[in-house]
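Heads up: the protein sequence lines correspond to chains A and B, in order.
Just so we're aligned: the first sequence equals residues 1 to 637 in our numbering.
Just so we're aligned: the second sequence equals residues 1 to 241 in our numbering.
These are computed hints drawn from the structure, not numbers from a lab.
Ideal placement from N, C-alpha and C gives every residue a C-beta, glycine not left out.
It cannot be assumed that every hint is accurate.
[Claimed, not checked] Quick list of in silico lysine-lysine cross-link-like pairs, DSSO-like style, CA-CA up to 30 Å: (1) A:Lys536 / B:Lys143; (2) A:Lys313 / B:Lys59; (3) B:Lys76 / A:Lys450; (4) A:Lys536 / B:Lys179; (5) B:Lys106 / A:Lys524; (6) B:Lys241 / A:Lys471; (7) B:Lys202 / B:Lys106; (8) A:Lys449 / B:Lys60; (9) B:Lys76 / A:Lys228; (10) A:Lys536 / B:Lys220; (11) B:Lys231 / B:Lys179; (12) A:Lys463 / A:Lys350; (13) A:Lys414 / B:Lys110; (14) A:Lys279 / B:Lys202; (15) A:Lys159 / B:Lys179; (16) A:Lys524 / A:Lys479; (17) B:Lys76 / B:Lys110; (18) A:Lys161 / B:Lys110; (19) B:Lys202 / A:Lys292; (20) A:Lys90 / A:Lys228; (21) A:Lys556 / A:Lys626; (22) B:Lys220 / A:Lys350; (23) A:Lys524 / A:Lys489; (24) B:Lys50 / A:Lys228; (25) A:Lys161 / B:Lys60; (26) B:Lys50 / A:Lys397; (27) A:Lys562 / A:Lys586; (28) B:Lys231 / A:Lys449; (29) B:Lys231 / A:Lys503; (30) B:Lys110 / B:Lys220.
[As the list claims (entries may be wrong)] Cβ-to-Cβ under 8 Å is the rule here; a few derived chain B residues that face chain A: (31) Asn8; (32) Pro10; (33) Asn74; (34) Ser75; (35) Lys110; (36) Ser114; (37) Phe157; (38) Tyr161; (39) Glu166.
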Amino acid sequence: MKIAYQHILKNLKEKPSIDEISEKLFQLGHEHEIFGNVFHMEFTPNRGDCLSVLGLCRDLSVFYKTELNYDIYKGQLSPLKIDFINNAEKSCPHISFLKIEIGENIKSYNKDLESYFSEMDIKKNNFFTDISNYVSYEIGHPTHCYDASKINSSIYIEKRKDTGIFKTLLDTELKLTGPNLVFYTEDEIINLAGIVGSKSTACSETTNSVLVECAYFNPEEIIGKSVKYDIQSEAAYKFERGVDPLSQEQVLRRFLKIVSEHTDILSVSYFSKNYSAYKYPSVDNNLREINKILGINLSVNEFEHYLESLNFKIDDKNITPPSYRSDIYSCNDIAEEIARIIGYDNIPRKEFQLPKKALSKKYNSEENIKNLLIDNGFYEVINNPFVPKSKSELMIKVDNPLDSNREYLRLDLKDSLVNNLLYNERRQQDSIKLFEISDIYLQIEGIQKKRILGIIASGRVGKNYEDFSKKININYLEKIFESVNLNIKSDIINISRDNLDTKLKTPIIYTELEFDEDSLNLRKYNQLNKPSTLFKRYVPISEYPSSSRDLSFAIKDFNQLKELERQLFNFEHELLKDLYIFDYYKNEDVQEIKIGFRFVIQSSKRTITDDDVANVMNDIIKLALKLNGITIPGLKI
Amino acid sequence: MPSSKDINLPELVFEYGTNHPINIMKDSIMNLLLSFGFELAEGPEIETEKFNFDMLNIKKTHPARQMHDTFYLNSKSHLLRTHTSPVQIRGMLEKKPPMAFISGGKVYRKDDDSTHLPMFHQVEGIYVNEDVSFTELKDLIYKIIHSLFGEEIELRFRPSYFPFTEPSAEVDILSEDGKWLEILGCGIVNPQVIINCNIDPKRYRGLAFGLGIERIAMLKYGVNDIREFYKSNLDFLSQFK
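Modelling step: build the complete structure from the supplied sequences, incorporating the hints.
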């Protein structure tokens, strides 16, 4: 909700800067951003009372002297003869109507109204609707204006079911399904209560007789309706969060006052009915408990002063919040009020200490198997569980999926991991080793849970010169598990590429294992690679293709091998993404070492050209050939 | 193939893999909390409305309970938990105070855009004892945030609203570019929740806190787009060794 700085200032005797007010609003828990001179507020859902200039200033009155008295119409209001039948007294326990007939001439809007439209950057509508919107902004209680000349019968309010098409004043058509609280006449529905009125009874520029309705709706009747019918309704937003059940007369008198400032009032009449008496909630006056909750030592005087500044009434036994504070029920609520006024950041800290217990670390088979896989070059992935169409009756269906491709919960990890593998193949990865550990849920006599490990791999075993030419196969994975005396051979399968979106032919191996004390249980494993405990800063990934080049060096002076390695691994170029030794051969007969390096070249900003690659490679070649006894067979200079 | 006695052999570099960065972060936070003396509690990802909402004082009309916010299953008989708080409820029902435990794992909300995912991770903790107060909660939160972001980090507490805590707070840290970033939610456990778990609210109070792992991981690693974590891109994953 937007609230202009100047409209707040109007109610404060002091004139704090916009930044000072901003700081106080944060202290009170009212999150916001400032654009120009307007606060864009994000109130928590329990603070419906703050959704207006008046509401916000009431909260700020704990810091600033305020004058919150709006000019209202103070004259007598004659009784309105209206045939109103309330068939939903629990949903609408308080309601008032004001009927006004005006003269033909309407003056230009006064300073307050003009300032509202300009500061809020909203379009004017018609006289009565504009005043309704302004009063809602100012006081927080929405009203609804009917063109009185268009209502010629009794008005009812009732919860009615499946009432069909409803034409709104926004020129939209809603199909009203399920139970909805509606106002209706003998002829038609005239208002989806608290959300939006009908086109047929809406006010226009020519309306000179208006029936203004001001009601308190039980928030539970309104919640979810604007989302259900996809309507942006500020009224619904306020009613959902709760408006002041006792403010109707003040709101309508304010409405009338503004009307009177702009035109002649020919007649005015008023109807109000409370179908149940409002009962003020009461909380025990228990300062000791509140001090204990907060961990502070507030005096009685401070305590009472803080609460009185929020218009709470206090006696020896009870604390009574004002009618607009529907969120106060308990000592904890009062404690929060006190904490807000003191400022959460001004409440001291007290040492938090739990009794120390001896840590008896139980072996963790899952962690041991993860470490085994990580030591062998596998990367952990996490996938969400939503999958399309049911493959099995054991699958659990999502009642309200995001879309038809995410309608069920997966029963296995295979499809997710295959997708992960293909994604990486498309990104030119030629050695892919992934695993995922997840709970899966099955529909068997209720819902059963299983803890599952899925492993998928394809391509080269590794990028070093021993593994570069070896291809991942079933035997490879089997041996990894054999090294820790686990036999999973029968569980490993080859996945056919026939139905996959890929042209590659390299085998894909896959296994899925359930964590189970009998079959998959690794009690002990000494991790080879201890992961870093430092959190490294992520370097954004290039979305441009990479290119790789291989260079084979012949070395006669064996002592130069280490120097070549050192020089090349220390070589830096912004386009050199990776390098590794993929081949090594020592020919004892001719006393020569041949060593192959692969260089991967990629730009983070653009697609690299042949010239880019050539420039990087030329620098590398120059560097290497400076070393004595090193040649590059086949190199044409 | 090289001979085993070849002293000239170049270094044989084996490429290790790694845990997923979100699990690295989750485990790091959970280990920190375990070191404080919290115990570990676990619970299912598929829950009922009773444990996910009712017991936590989240009323039937709360927006979180609408079909557009929560994934319901099997004709609404179950749901995918929207937070790890049901584990706290189960823990409080099983144990007797004093108790202090943490839970962590996947949670689900019906959201899918550039800043929200339908699945994400949380870590939550609860401590129930006599005379638990907001001042202790503040100290605990300072300890957690200082451990994660260093002693120099500036933080602020803001009043907030959660149905299961009262008073409730959100905690922000001041980023390097001068912006306040929301980092966790916490509060004094609402006495109604304590009553729901058959604990005497006149004798015991609780403090609770919850952190979104992705949010913290994004800050710690400098990842700007939450979706990067779940593309399973090896160029991405290999950076977190």
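Here is what the structure says about each hint:
The straight-line distance between the Cα atoms of A:Lys536 and B:Lys143 is roughly 22 Å, inside the 30 Å bound, and the hint therefore holds. Distance restraint check for A:Lys313 and B:Lys59: the Cα-Cα separation of roughly 28 Å lies within the 30 Å cut-off, and the hinted pair is therefore satisfied. Of the supplied pair hints, the one linking B:Lys76 and A:Lys450 holds, its CA atoms being roughly 22 Å apart against a limit of 30 Å. Distance check on the hinted pair: A:Lys536 and B:Lys179 sit about 22 Å apart at the alpha-carbon level, within 30 Å; holds.
Restraint check: the Cα-Cα separation between B:Lys106 and A:Lys524 comes to about 27 Å, which is no more than 30 Å; the hinted pair holds. For the hint linking B:Lys241 to A:Lys471, the alpha-carbon distance of about 24 Å falls within 30 Å, and the restraint holds. Straight-line distance between C-alpha atoms of B:Lys202 and B:Lys106 comes to about 34 Å, which puts the hinted pair past the 30 Å bound. The suggested pairing of A:Lys449 with B:Lys60 holds, with an alpha-carbon distance near 27 Å, which does not exceed 30 Å.
Restraint check for B:Lys76 and A:Lys228: the C-alpha separation of about 18 Å stays at or below 30 Å, so the hint holds. Our distance criterion of 30 Å between C-alpha atoms is met by A:Lys536 and B:Lys220, whose separation comes to about 8 Å. A C-alpha spacing of about 28 Å is found between B:Lys231 and B:Lys179, which places the hinted pair at or below 30 Å, so the restraint holds. For the hint pairing A:Lys463 with A:Lys350, the CA-to-CA distance comes to about 54 Å; that exceeds 30 Å, so the pair is violated.
For the given pair, A:Lys414 sits about 24 Å from B:Lys110 by alpha-carbon distance, which is consistent with the 30 Å threshold. Under the criterion of a C-alpha separation no larger than 30 Å, the hint pairing A:Lys279 with B:Lys202 is consistent with the structure, at around 26 Å. With a C-alpha separation of about 47 Å, the suggested pairing of A:Lys159 with B:Lys179 is violated against the 30 Å cut-off. Among the hinted pairs, A:Lys524 with A:Lys479 is consistent with the structure: their alpha-carbon atoms are about 17 Å apart, no more than 30 Å.
For a cut-off of 30 Å, the pair hint linking B:Lys76 to B:Lys110 stands: about 14 Å separates their Cα positions. For the proposed pair A:Lys161 and B:Lys110, the alpha carbon gap of about 28 Å is at most 30 Å, so the pair holds. For the suggested pair B:Lys202 and A:Lys292, the alpha carbons sit about 11 Å apart, so the restraint of at most 30 Å is met. For a cut-off of 30 Å, the pair hint linking A:Lys90 to A:Lys228 stands: about 22 Å separates their Cα positions.
Of the supplied pair hints, the one linking A:Lys556 and A:Lys626 holds, its CA atoms being roughly 14 Å apart against a limit of 30 Å. Restraint check for B:Lys220 and A:Lys350: the C-alpha separation of about 28 Å stays at or below 30 Å, so the hint holds. For a cut-off of 30 Å, the pair hint linking A:Lys524 to A:Lys489 stands: about 21 Å separates their Cα positions. With a C-alpha separation of about 24 Å, the suggested pair B:Lys50 and A:Lys228 falls inside the 30 Å cut-off, and the hint holds.
The straight-line distance between the Cα atoms of A:Lys161 and B:Lys60 is roughly 20 Å, inside the 30 Å bound, and the hint therefore holds. With a C-alpha separation of about 20 Å, the suggested pair B:Lys50 and A:Lys397 falls inside the 30 Å cut-off, and the hint holds. Proximity of A:Lys562 to A:Lys586 is assessed by CA-CA distance (about 14 Å); at most 30 Å being required, the pair is judged to hold. Simply put, B:Lys231 and A:Lys449 have alpha-carbon atoms about 25 Å apart, close enough for the 30 Å limit, and the pair holds.
A threshold of 30 Å between alpha carbons decides the hint, and for B:Lys231 with A:Lys503 the separation of about 21 Å falls inside it, so the pair holds. Annotation: proposed proximity of B:Lys110 to B:Lys220 holds, straight-line Cα distance about 26 Å (limit 30 Å). The interface hint given for B:Asn8 is met, as the beta carbon of that residue sits about 5 Å from the closest beta carbon of chain A, less than 8 Å. Evaluation of the B:Pro10 hint against chain A yields a held restraint, the C-beta minimum of about 5 Å falling below 8 Å.
Residue-level restraint check for B:Asn74 holds (minimum Cβ-Cβ distance to chain A is 6 Å; threshold 8 Å). Because the closest C-beta pair between B:Ser75 and chain A is about 6 Å apart, less than 8 Å, the hint holds. Because the closest C-beta pair between B:Lys110 and chain A is about 7 Å apart, less than 8 Å, the hint holds. The interface hint given for B:Ser114 is broken, as the beta carbon of that residue sits about 15 Å from the closest beta carbon of chain A, more than 8 Å.
Of the supplied interface hints, the one on B:Phe157 holds, with its beta-carbon coming within about 4 Å of a beta-carbon of chain A, less than 8 Å. For B:Tyr161, the suggested interface contact is upheld, since its CB lies about 4 Å from the closest CB of chain A, less than 8 Å. Checking B:Glu166 against chain A by beta carbon gives a least distance of about 4 Å; that is within 8 Å, so the hint holds.
Going through the hint list in order, the structure does not satisfy hints 7, 12, 15 and 36.
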